[in-house]
Structures are given as structure tokens and as C-alpha cells.
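What follows is each chain in one-letter form.
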Amino acid sequence: MEANFGPFARQIRVRLGETLRQFCARVGLDPAYISRIERGLLAPPQDQAKLDYYAESLGLTRDTDDWQTFMDLAATAAGRLPQDALKNEQLMACLPSFLRSMRGQRVSDEDLDRLVEMIRKGGGGR
Amino acid sequence: MNWDKLIPWVDSEIIRRQADAFLAEHNPEGVLPLPIEEIVEFRLGINIVPLPGLQFRIGSVGFITSDLTEIDVDQEVAERYASRYRWTIAHEVGHLLLHRPLYEAQSFSTADQWKQWVGSIPDRLYRRLEAQANTIAAQMLMPARALTDHFEDVVSKLESQGLDWTVAPDMVYRILGRTFGVAPESIMYALRNEGLAEDPRANA
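Protein chains in written order, with the working numbering: chain A, 1 to 126; chain B, 1 to 204.
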């Protein structure tokens with residue numbers, strides 16, 4: 001079993017047989033938001049009603065082990081402050097080795113800088 | 001850096017065989033459209049990360065991260081442009097399958113070094129990278145055998161109603177585009193590449 005909330009939530013979603021996009025489209029959640037939760041970049045919702053909705057959307061049933069684990073991990077995650085920017089090593093892993101522009105052209109230096117900032121601030125990567 | 005060794009020219013037939021091997025492993029029943037999103041998330045264990053503003057701000061639709069664990073895709077494309085989204089994912093899987101030596105050779109530990117690395121890949125080899133990934137993406141999404149079968153089926157149905165497909169090729173491309181989950185233009189190029197059909201407008 002996953003020991004952190006995000007990977008556990010992802011595991012449950014995958015078990016449900018839904019991709020991130022399919023899951024979010026069905027339950028009306030923002031895929032970028034859920035993706036960041038699943039990757040541990042954001043803490044899970046602290047509002048109990050929202051957390052319940054997330055659990056129910058994942059097909060979890062109250063009074064089951066999975067429901068309890070989901071809530072326990074959420075409570076644990078709430079005590080941790082997500083880092084506000086990626087560490088350098090993480091950032092390097094999240095960057096592409098090469099980048100395709102829409103027309104297959106090379107991406108400018110300025111755009112590469114923008115991408116680094118986007119990812120550093122948690123827009124992508126983990 | 002010996003870029004030509006890292007990004008060698010590969011015969012398109014070899015690339016197509018790699019695509020066929022991928023399909024045999026991950027889509028043995030030949031489901032259409034290829035469930036590329038499910039294969040990537042569930043079978044390859046790669047996260048597909050929606051990245052808001054990637055296209056608007058950077059001009060890129062998607063990329064696979066250098067550690068090969070995530071495919072980042074522009075969020076708007078992911079939500080609104082299904083065929084481009086699917087093509088982007090297949091294209092990035094193509095890089096994963098074809099260009100591992102390049103990922104293994106990369107060496108950067110700061111953002112400046114990364115920019116230098118990205119900028120040092122020669123243009124002609126950059127184009128080769130993209131062309132190879134497009135070739136494998138096309139074969140994964142529109143396998144030649146299935147494309148032939150479905151094309152002949154559509155043409156045959158039209159003929160049975162006294163219609164010549166060459167009069168309305170766009171309709172055929174649209175029908176096949178829905179079947180394979182790609183843009184009609186992709187079908188047009190694939191049919192042309194397979195020698196299955198020449199767009200009647202090509203000689204106009």
C-alpha cells in the first residue's frame with residue numbers, strides 16, 4: 001500500500017480503470033489540480049465535504065479499509081507543507097531532453113526560461 | 001558529442017516494426033482507436049500531466065520529461081482537442097521507444113546547462129528526432145493492416161451505393177479519422193504513405 005496520500009489516490013483511480021482525464025471529466029474536477037495532488041505537489045483538500053466527494057468519486061465506500069486509509073493519509077498530509085518550488089535535482093528530471101514546438105521548430109531561449117519557471121513553480125513535474 | 005551516433009538514421013520499416021511490436025504487447029486485440037492514454041497510464045506507469053498554458057506560453061503541445069516518467073501535455077489540448085492530444089502522447093511514446101540512448105547520454109545539472117544541451121542538438125538531427133517519432137506515432141495510431149482493411153471497407157461501401165470515393169475524399173478521411181481517433185489530415189498522409197490511395201487533388 002502507498003504510504004502517501006497522492007500515490008494512494010492515484011493507485012485507487014488506476015484500480016478504477018480511469019485515466020486522470022477520464023476521471024476528472026466524469027466527476028467535474030480540474031485535472032491539473034488532481035494531478036498535482038496525486039504527485040504530492042499539493043496537499044489534499046482540507047474541507048471534509050470536498051474530501052468525502054473525492055473519496056466517493058474514486059468509488060470508495062465509508063467504513064471500508066480503503067476509505068479509512070484515504071482519510072488517514074489525507075490527515076497526515078495536511079500536517080506537511082508542500083514545498084513551494086522543486087529542488088534542483090527534481091527540476092532537472094522534469095525538464096524535457098528536447099522540446100517540440102507546434103510546427104516542429106526549435107523553441108527560443110526565452111521560451112526555455114519560461115518553461116523552467118513554469119515547472120519550477122510546480123506547473124508540471126512532480 | 002557524437003550526435004549522429006546518438007540520433008542515427010533508422011529505416012522507416014524498422015521503426016514501423018517497433019511500432020508493431022509495441023502494439024502486439026500493449027494492444028494485442030487491435031482495439032481502435034488505440035487506447036494510448038490508458039496504455040501510457042496503466043501499462044507503462046507514466047503520468048500524463050496536464051500543463052496549463054504550455055502551448056500559449058511556450059508554443060509546445062507536449063513533451064516527455066528527461067527521466068521518462070511523465071508526459072506533460074498542454075491542458076487545453078488535453079481537454080478540447082482529442083486527436084491532437086492522442087497524437088502528442090503517441091509521439092512522446094515514440095521518443096521513449098526510439099531515443100533512449102539520447103536520454104541516457106544527457107548530462108545537465110543546472111537550468112543553464114539544460115538550455116545548452118537542448119540548444120546544442122543540431123537542427124537536422126532535431127528534425128530527424130521529430131520525424132522518427134512521427135513515423136512511429138502514425139504506425140501506432142494507424143497500423144497499416146488495419147488502415148488498409150478499413151479503407152477498403154469504406155471504399156467498398158461507397159461503391160456499393162454507386163459512389164466513387166475520389167469525388168469526396170474528405171468524407172473518407174473523416175470517417176477513418178473517427179475510427180482511428182486521429183485528424184482527417186493524418187489519415188490522408190497515412191493513406192498516401194501506404195500507397196493505398198492518392199489524394200485526387202494531389203495532381204490537380
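Everything labelled a hint here was simulated from the structure, so no lab data went into it. Misleading hints may appear alongside valid ones.
[Stated by the list, open to error] Pairs of lysine-lysine, DSSO-like flavour, derived with a Cα cap of 27 Å:
1. A:Lys121 with A:Lys50
2. A:Lys87 with A:Lys121
3. A:Lys87 with B:Lys5
4. B:Lys157 with B:Lys5
5. B:Lys115 with A:Lys121
[To be verified] Which stretches of chain B does chain A cover? Using the computed rule of at least three CB atoms under 8 Å from a CB of chain A, they are:
6. 19-32
7. 59-68
8. 72-83
9. 140-154
From the three backbone atoms N, C-alpha and C, an ideal C-beta is built for every residue, glycine too.
Hints, verified against the model:
1. A hinted pair counts as satisfied when its Cα atoms are at most 27 Å apart, and Lys121 (chain A) with Lys50 (chain A) qualifies at roughly 25 Å.
2. Restraint check for Lys87 (chain A) and Lys121 (chain A): the C-alpha separation of about 10 Å stays at or below 27 Å, so the hint holds.
3. This hinted pair does not check out: Lys87 (chain A) and Lys5 (chain B) have alpha carbons roughly 32 Å apart, beyond 27 Å.
4. Taking the CA atoms of Lys157 (chain B) and Lys5 (chain B), the gap is about 48 Å. The hint is violated against a cut of 27 Å.
5. With a CA separation close to 18 Å, the supplied pair Lys115 (chain B) and Lys121 (chain A) stays within the 27 Å bound.
6. With 0 residues bearing a CB less than 8 Å from a CB of chain A, the region 19-32 of chain B misses the requirement of three and the coverage assertion fails.
7. Counting residues of the region 59-68 of chain B whose CB lies closer than 8 Å to any CB of chain A gives 9, so the stated coverage by that chain holds, three being the minimum.
8. Check on the region 72-83 of chain B: 4 of its residues sit with their Cβ under 8 Å from a Cβ of chain A, so the three-residue criterion for coverage holds.
9. Interface restraint, the region 140-154 of chain B with chain A: violated (0 residues with C-beta to C-beta distance below 8 Å; minimum three).
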